[in-house]
Amino acid sequence: MWRNINERYNLVGSHCETCGKYYYPQRKVCPTCRRKGKLAEAKMPETGKIVSFSRVFVAPSGFENETPYFLAIVELDNKATLLTQIVDSKAESVKEGAKVELVFRKIYEDSPEGAIAYGYKFRVVS
Amino acid sequence: MTKTGIIGYGVSIPHYRIKTTEIARVWGKDGEHIAAGLGVKEKAVGGFDEDSATIAVEASRRAVKMAGIDAQKIGAIYVGSESKPYAVKPTATIVADALMAGPDLMAADYEFACKAGTAGVQTCMGLVKSNMIEVGLAVGADTAQGRPGDALEFSAASGGAAFLVGREKVFAEINHTYSYTTDTPDFWRRQHEEFPMHAGRFTGDPAYFRHVISCAKKTMEIAGTKASDYAYAVFHQPNGKFPVRAGAILGFSKEQIQTGLITPVIGNTYSGASMIGLAAVLDVAKAGDRILCVSYGSGAGSDGFDITVTSEISKHKPAALVQDLVARKEYVDYATYIKYRRKLKSL
Amino acid sequence: MRKVSVIGVGQTTFGEHWSLSLRDLVTEAGVKAIENANVEGKDVQALFGGCMASGRFIGQEHIGALMADQMGMNPLPAYRTEAACASGGVALRLAYMAVAGGMYDVVAVGGMEKMTDVSTEDAAVALAGAGDQESELFNGATFPAIYALMARRHMHDFGTTEEQMALCAVKNHGHAVHNPYAQFRKAITVADVMKSGYIASPLKLLDCSPLTDGAAAMVLCASDKAKDYTDKPVEIIASAQASDTLALHERASLTGLRATEVAAKDAYKQAKIAPKDVDLLECHDCFSIAQIMALEDLGFCKKGTGGKFIEEGNTDLGGVIPTNLSGGLKAVGHPVGASGVREAIDVVRQLRGDAPTPVQVKDAQIGLSHNVGGSGATVVVHAYKRGF
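Chains as they are written, first to last, in my numbering: chain E, 1 to 126; chain R, 1 to 347; chain H, 1 to 388.
Each hint can be trusted.
A short list of chain E residues far from chain H (calculated; beta carbon distances all over 10 Å):
1) 18
2) 90
3) 102
As a list, the in silico DSBU-like pairs of lysine-lysine whose alpha-carbon atoms are at most 35 Å apart:
4) 329(R) with 49(E)
5) 315(R) with 99(E)
6) 217(R) with 241(R)
7) 106(E) with 339(R)
8) 79(E) with 65(R)
9) 21(E) with 317(R)
10) 195(H) with 99(E)
11) 303(H) with 95(E)
Hints were generated in silico from the structure; no laboratory data involved. We put the CB at the ideal spot given by N, CA and C, even for glycine.
In isolation and in its complexed conformation, chain E is listed as follows (with noise of 0.2 Å):
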């Protein structure tokens, strides 16, 4: 959890300098390239727009209590693609091509006296 902190908070993810694909998360090998690829940690943007939306009633262990929440696919700017959760955002204004913009918030905790994980999640702009 620690090792992602600046992977997860400031959206870190990689950019191929041979192929100028972004990546997120990280990458240590660049799919396209392989050993040809130059991957260095590059921030990614802030915005981007939905590319597919799910609302889950039935969480996992851990996200029991923050049901009903909407995942989704987000394409960022520069056509990196990430899962995401979708807060403050009416239930109407979520759906494909939707724009949407970064908000730092917690994901999870796994007990009241455990660590608390921060990082990413998108609402809509209207």
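On the provided structure of chain E, position chains R and H as indicated by the hints.
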């Protein structure tokens, strides 16, 4: 002497609201009457995934955007809150990594009830003025709650603000700061207790008013000003009435107080309250405007600031206007509110 | 590379087996398969077992050793494969490769899972390990949610409806009525599915395969020795496997599984067949949308037309490609490590003429099984031909 003052600010107000009348409905009280008496129509409610750290980060990110600086220039971060997610583990470091401001950085969390954030501003002023740092970040953020059914439940809200203090491109110069501090037990929360205690009517004259008025008077004395010199006055605002009365006592008009009075529509955001009020004023202030800002923290103390807006203000746009954040909202009912704020015993 | 045949099959019933442990299940399936194959225990040269998450479900690892021990077959070598819900299919593939490559003549391969000793929420966390822990489960995505994202996009791009997805589940349940091993043997209607409540929209409870305990096993033999053991050998004429990104959000497409397309093409090439030559299909319907996409990706209908294809009766007995005549994962149940082997067994039964009469394909010659791990990061496709 170099100008020291505000070079950027940001506000975070959660998306959800609950109306005073909705809370009153559950407890069988007259909501309209309470709303009128308190001067609070509705309050901001943090979602299940929000806490004072997420609010502090959002406000701080907006402040950095507005200032247009590289976060690495921040030499110190102080986060004030009375509803920290951890009793031990600083929120300031979460903010630091969420801004990529570290690791060359001083940091700590502050507690002084509702004036923990402005205490941070004073600390940053000292560090900047003495050239120990280039830029300091002071944040006031809270998600504090009142005991269910208690009077405080109507006003205790979630929200926060962050101020960057620096020497260059200052658009709100802090000419003077003064604090009035005494040991006064008007409102407190013991270690391991979930909800605060308050001393009822004692929180008025001997607490809020004594400190706010004394601080305001002394700050103006130091600054050599009188009420009419100010375009705006911002006071700590635990409800919609206290700051109006304080203003009247000090000779301020309703117009001078109005812009910086946000509690009526978002509730009392504790460490964020006077800072959000100040941000709302800066959203519309013009070069040359003078602002008096007096915070109050129970326990007790007030921090006073005499501020002059400079011509730099036209070159800096806030990342989000307070009024836009106030307007962006969705109402929840009491059950959803206590679920989000984890007041259900099993949560 | 020599030819490989299936000479015996066996499985437990699938369901919530409160009184049976994982070792009880795998032993029962293993013994049944060995008896069905007419082999002696001493003829079996190696054991292969697929099991996804015994560590998280029951705290037990080292499953290869568990199998060999419990079957009384020490000191035989025993292998465990893990590829999420394709653990069974991958076990089958590895067993096939070992025999085809001449390493062994006779091996037993099983798939197993014991899922009901933990809470539903903890089971969801264990299953979510089939996806990307760091970028999918971390954000609160369970498997229904991940397939729901595919379903939603399929609906958006092709107009697939929730009713068409519901029909998948309805047909599979209808077949399972005749399957004595199935977890659910009751017919359901589209209306039942539509009002079963959203798990992750648009997928509802009855669009989703259940949590199940069960084990399934087969005995493989070099084809030229198969007649020593059985009159009804079934030859494995293709074995193919492909991979794709672990996380759904990294895929090129949300509406189909590239790994299915790649594995299927390879399988058809190996067997020198085309989709039209296939007489029946057991495909991986972990969620109703998965069956729709599988029919498209396996080449039985054009991309986007899967829903209509099913609606028009093409997957019914007597149709173009009878599908999941066993009841599929939805109605038979889905003990995740077992399903890949269970699918193979149901194809073999059909080719042997041993399927329940109401769902037996007349004169079935060629069958196909399709097993998916996670949201498509692993896909295994096998083709089979009647060997008698």
